[in-house]
Amino acid sequence: MRRAALSALLSHWRRQPGQLLTLIAGLALATALWSAVQAINSEARRSYDAAASAMGQDRYASLAVPEGRMPLARFVTLRRAGWAVTPLLEGTVTLAGAPIDVTGFDLLSVPRDALPEGLDTGTDVTPAELFGQPGVGFAAPATAAAIAGLPGLPLILANRAIPPGRIVTDIGVAERLLDAPGQIDRLLILPGQSRGLPPLDRIAPDLVRREGQQTADLSRLTQSFHLNLTAFGLLAFGVGLFIVHGAIGLAFEQRRASFRTLRALGLAARDLQALLLAEVLLLALVAGAAGLALGYLVAGALLPDVAATLRGLYGAEVPGSLRFDPAWAAAGMAVTLIGALTAAASALTRVRRMPLLASAQPRAWATVSARALARQAVAGVVLIFLGLVALRVFSGLVAGFALLGGLLMGAALILPLLLAGLLALAAARARSPVAQWFWADTRQQLPGLSLALMALLLALSTNIGVSTMVGSFRLSFTHWIDQRLAADLYVSARDEAEAARLRAFLAPRATALLPIRSLDLPLNGTMGEVRGLSDNAAARDAWPLLSARPGAWEALNAGKAALISEQLANRGHLGLGDMIEIGPDWRLPVAGIYADYGNPVGQAAVSATALAARHPDLPGLRIGILTDDPQALSRALAEDFGLPPDHLIDQASLKAQSLAIFERTFAVTAALDGLTLAVAAFAMLTALLTLSTMRLPQLAPLWALGLTRSRLARLEAARSLALAALTFVFALPLGLILAWCLLAVVNVAAFGWRLPMHLFPAQWIWLLAAALLAALAAAALPARRLARTAPAAFLKVFADER
Amino acid sequence: MSADPAPSSWQKYLIAAFAAAATLASPGAVPAQGYAGMAQTAAGFALPDPDRRFGFPADHGPHYDFRLEWWYLTANLTGPDGAPYGVQWTLFRSALAPGGEREGWLSPEIWMGHAAVTTPGRHEAAQKFARGGIGQAGVTAEPFEAWIDQWRLAAPGDDNDDDNDDGDGLDRLRLTASTADFAYDLALTATGPIVPQGRNGYSVKSPEGQASHYYSQPFYRIDGTLTLEDTTVPVAGQGWLDREWSSQPLSETQQGWDWVSLHFESGAKLMAYRLRDAKAAPFTPATWIAADGTPTPLPDGAVTMTPGATTRIGHAEIPTEWDIALPEKGLEIHLRALNPRAWNDLDFAYWEGPVRVTGSHPGVGYLEMTGYGE
Amino acid sequence: MLIDATDIQKSYAPGQSQTAVLRGVSLTLSPGETLALTGESGSGKSTLLHLLAALDQPDSGTIRLDGTEITALGDAARAAIRRNTIGLVFQQFNLIPSLTVGANLAFQARLAGREDPDWTGRLSDRLGLAELTHRYPEQLSGGQQQRVAIGRALAARPRILLADEPTGNLDEETSDRVCALMIALATETGAGLLMATHSHRLAARMSRQLHLSRGQLA
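Protein chains in written order, with my numbering: chain D, 3 to 804; chain R, 80 to 453; chain G, 151 to 368.
Keep in mind the hints are simulated off the structure, nothing from the lab. As the structure is a computational prediction, the values presented were derived from the model and not from experiment. Any given hint could turn out to be false.
No more than 25 Å apart at the CA atoms, straight line, and that leaves these computed lysine to any residue pairs for SDA-like [claimed, not checked]:
| # | chain 1 | residue 1 | chain 2 | residue 2 |
| --- | --- | --- | --- | --- |
| 1 | D | Lys798 | D | Pro699 |
| 2 | D | Lys798 | G | Ala230 |
| 3 | D | Lys798 | G | Gln168 |
Please model the complete structure; the sequences and the hints are all you need to start from.
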């Protein structure tokens with residue numbers, strides 16, 4: 003019985019392949035976008051862990067000689083004096099044509115948290131192999147594959163804990179690879195030092211101590227970006243569920259007659275429900291598998307852009323390739339199943355409650371009363387309110403995203419009521435009977451379309467919000483970079499001697515030289531950069547201040563004040579007049595705050611003279627050049643001076659590079675934006691298709707009363723357009739509020755900079771056109787179908803009860 | 080440097096090697112293959128020779144032919160107020176491959192140091208790892224010096240050279256160690272001779288014949304200072320140095336050992352150990368050392384060691400009271416740990432602490448228990 | 151002559167086999183005339199009515215409605231005929247659910263550009279719908295809905311009123327009242343009424359009766 007019943011139920015899909023396709027496509031799309039985002043996020047997080055741990059050594063203070071390496075004996079001397087230090091040998095070798103960083107630790111004395119996190123040799127590697135010859139090196143899988151089989155290498159083990167392009171190994175192996183026997187670069191000072199140690203400045207006065215970096219935590223920095231991705235993923239998934247809900251609801255309505263017959267033939271309601279449940283699960287499995295495959299592809303396609311974004315914004319290295327993670331697939335499948343069940347829940351409960359002798363006539367399956375609309379709207383208002391409360395209660399990113407979530411979901415819930423009100427108003431004002439009918443009927447269609455319209459609202463407003471944010475950012479960024487890149491040419495010398503020769507070479511040839519001196523120093527305890535600014539007009543022009551005390555530049559040039567970047571001000575809660583500690587023993591008041599977009603670390607600018615006085619050894623290897631003829635000068639630098647091409651860049655190229663990074667940074671956002679809009683259009687299509695099959699009984703009388711089929715079809719298309727246009731009207735202010743949240747709350751928390759908001763009405767027109775096009779595309783199929791409906795089909799409505 | 084709570088896998092592996100070496104193995108905490116591997120074979124290393132005789136001071140230095148070796152000092156001390164203290168200092172050597180010491184990082188010799196201080200209410204332990212070949216750790220026989228980083232057990236400097244020429248190379252030593260939590264600086268003076276353990280220094284570790292070369296200097300008088308929590312106190316008492324080297328000291332089924340070194344008020348000493356075997360009765364050899372240093376090796380079974388009250392440490396029940404009987408010497412004593420929680424909570428964890436001895440032969444001593452695991 | 155149909159043939163081809171539904175039917179309807187079309191279920195009544203209402207096209211034969219030959223007309227022209235010349239009353243009422251009773255009543259008249267509020271008002275009084283104009287169809291009983299449908303059909307003052315089993319979904323008492331009202335109103339407006347019914351009782355009230363059997367008039 004059950005098998006026969008199941009085959010009877012499934013036969014529906016054979017006869018309605020389009021509907022089956024819609025259902026599976028909707029679910030697969032939802033799964034695909036969601037799982038793609040998940041895959042990207044987890045790949046990125048893995049990379050952060052690798053990166054964070056690769057930089058683990060930088061957490062420790064270290065000792066080094068200012069120039070080059072020191073002999074191993076320094077390590078032993080300090081150890082025997084009681085200092086818990088561990089040696090580090092670092093360098094670069096060229097393997098298989100590519101530079102590979104080699105980091106050698108003394109794997110016996112290095113503390114675990116200075117090693118790449120998760121670096122675990124398993125039981126395959128014995129200490130004898132690790133410390134013996136040829137030794138063992140750990141490298142990222144891609145790197146390991148690239149250098150496999152090269153002579154003179156230790157046994158290379160692929161390990162995901164290692165960032166690409168690097169070999170982590172024992173120092174005994176590293177000194178061989180780097181041809182530096184008995185040499186070390188640095189000594190990390192470990193925690194938990196013994197009591198009664200001789201002071202370092204007595205036993206190692208020549209070693210320079212560099213404080214450990216409280217490295218900005220990549221996962222924290224990039225959190226906003228991933229929240230962003232996750233939000234898009236969730237949005238797409240929700241929209242996908244709208245589609246599934248529509249398709250399942252339609253299939254349910256169309257099979258009412260079958261259900262009735264099956265029940266009449268003796269199938270219990272519970273069994274019918276179980277069969278339908280099995281059917282949903284089966285379809286979800288198929289769709290989930292397809293969605294995962296698609297998601298994997300999407301993630302693979304987006305990952306290079308994501309990697310570029312993360313590199314551009316945070317300096318986080320993420321490999322551009324994806325690995326397949328079974329846990330990810332399982333989670334994706336589970337979400338698909340849950341989603342499908344959620345979407346099918348109402349249909350499934352209705353099957354159970356359907357009386358045996360219920361009419362087999364399909365009804366409008368999503369009829370929602372005015373009261374329900376009002377209830378929904380109240381829930382929406384509450385959500386918005388909660389979002390606003392969150393802004394007060396929480397701070398930073400959480401607040402920003404809670405506000406965004408509350409706003410978006412709340413607005414979506416309010417949308418049907420607002421649309422219903424507008425449509426009622428339009429119906430009341432309509433003069434012609436067709437117009438009157440059009441508005442009244444549109445209003446009656448609303449419940450069936452509201453989910454799709456909510457999806458459209460979310461997609462449109464997100465689009466407006468994000469594009470406004472990106473656009474505002476782009477404007478500020480380009481303006482800023484135009485100012486900041488004041489020099490015509492930028493050159494870098496390989497060492498101090500070359501720098502001196504360069505200066506001598508350039509002095510007669512250039513209009514002016516702007517030495518660029520910077521230094522990594524702790525700023526109020528957190529590692530940051532310090533820039534030295536020359537006392538000239540060019541510097542002032544290049545460093546416009548967001549806010550400043552009177553006489554800021556004079557104070558700076560006198561060495562009595564510092565300027566700080568906006569990020570540093572926001573993160574350190576520093577304002578004008580506060581003191582900033584630049585490295586040990588140097589405190590200056592903050593005289594101004596400047597924008598420093600795209601820099602993950604905090605920055606302070608001080609007088610170049612004061613910086614040189616404090617740090618006399620600071621090499622000035624980079625030089626900005628003002629010249630009237632950059633082309634001639636760069637030719638001279640290359641040909642006469644012999645400067646390698648990669649040590650010279652002109653302003654235009656540098657700008658182009660920066661802007662390219664910027665564009666790639668937001669390429670993913672744009673791609674996801676577009677995808678979300680596409681999914682929303684698909685939701686519209688399925689909703690309209692679903693409704694269109696039930697429209698015939700409603701349209702037949704109008705046809706009988708003298709409206710042609712083509713006119714009816716045009717009206718149906720117009721309805722879709724009108725709804726999309728109305729939705730856009732609501733999406734616009736919502737999107738602008740969203741943009742404001744992103745610029746004023748989320749960006750400040752995530753990046754540390756606040757940007758002025760610019761409006762881009764031209765973009766809105768384009769988006770409106772896109773929305774209308776989407777609505778038209780969605781309506782085209784059902785409308786076309788209507789225009790071609792045979793009169794016999796209309797007549798059937800009058801002739802019999804189906 | 081305090082114990083790393085989560086050592087990486089090769090560090091664990093190394094510890095396993097040391098564990099096996101020192102018969103300090105705790106089967107639950109150590110990869111089985113490492114443990115078994117160390118127990119079974121001495122591939123490429125020398126095996127102990129029952130006919131070999133010690134030659135000093137050369138034998139105070141490392142024996143690179145052998146895989147494993149240690150310099151193990153324990154001391155029962157008292158402060159000016161009579162407060163009891165225990166001090167442990169150990170340097171282990173484990174060779175990853177035969178072939179001896181080599182200059183530079185590629186040396187196969189791995190050194191591990193343990194240092195501990197015990198009071199009735201406190202126990203602090205620390206560890207160090209180092210590679211041979213670079214000078215960070217090592218041992219020289221003449222003049223004697225054993226060191227790892229700033230921890231050092233050595234014959235005093237030039238001013239005492241004359242004295243050393245007369246002695247056996249170990250009769251006057253200085254022991255220094257410092258950690259974040261404690262430090263000690265002790266002068267050791269031998270009041271008796273070096274004592275070979277087992278049959279002329281050939282110490283059998285199982286009925287199957289696994290053995291080591293083993294001698295002790297149990298007659299140290301100690302004076303010095305002990306620093307614990309910013310308080311430095313003068314201390315004095317007695318110490319016991321063990322020297323042992325081997326290549327495959329463990330039988331496959333042996334689970335761990337309970338070892339004692341006891342100083343009786345009479346001036347006599349007793350060393351006994353009980354090797355617990357999963358498949359057989361414990362193997363309990365011992366050496367009775369008369370007050371003049373004359374050793375009497377005692378075969379398995381002459382001494383009985385009976386565990387008493389236990390202390391729960393982590394998941395392990397550890398006997399911190401013992402009854403020991405040696406009928407042929409009329410010895411019937413009770414051991415009670417000075418601090419039952421003398422757990423060396425290091426990468427390789429074991430119990431090691433001072434004991435008080437009551438009964439027919441009162442005195443003090445040290446108890447070491449391994450293989451009880453966590 | 152309001153309706154002048156000659157030798158109408160119509161068959162359907164649901165599968166491979168053709169089923170002849172109407173086999174040479176001819177009929178006429180004069181102004182003020184009330185004509186009952188009776189016949190068994192499946193005799194072709196509805197098909198004939200649909201053809202006469204310009205909803206469908208015959209395979210052969212001619213149909214003149216108020217002097218216009220409609221079989222050769224295109225979609226739009228026939229829609230105009232339906233809008234301007236014909237009033238239709240269905241068994242299923244087929245009201246527009248999104249419009250109020252008042253809007254439904256006036257709908258076709260407004261569509262045809264012939265809205266006459268006085269007339270609509272009088273119709274609504276006569277049909278007993280005056281109190282219900284602000285309600286929606288779903289809030290009405292079957293008899294009330296059919297009265298709205300009749301009002302909608304008559305509001306545009308059509309020359310021809312076509313009714314297909316208009317009381318098939320109503321009980322006998324309601325059916326009689328609604329039917330009487332429809333005949334009375336049709337006569338008053340001078341329209342010709344053609345009503346398909348299988349009820350001989352209702353048919354007896356009409357001025358003329360035709361019986362359709364297996365696609366032919368008896």
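To see whether the hints hold, each was checked on the structure:
{"no.": "1", "hint": "Lys798/D to Pro699/D", "result": "9 Å, holds"}
{"no.": "2", "hint": "Lys798/D to Ala230/G", "result": "21 Å, holds"}
{"no.": "3", "hint": "Lys798/D to Gln168/G", "result": "18 Å, holds"}
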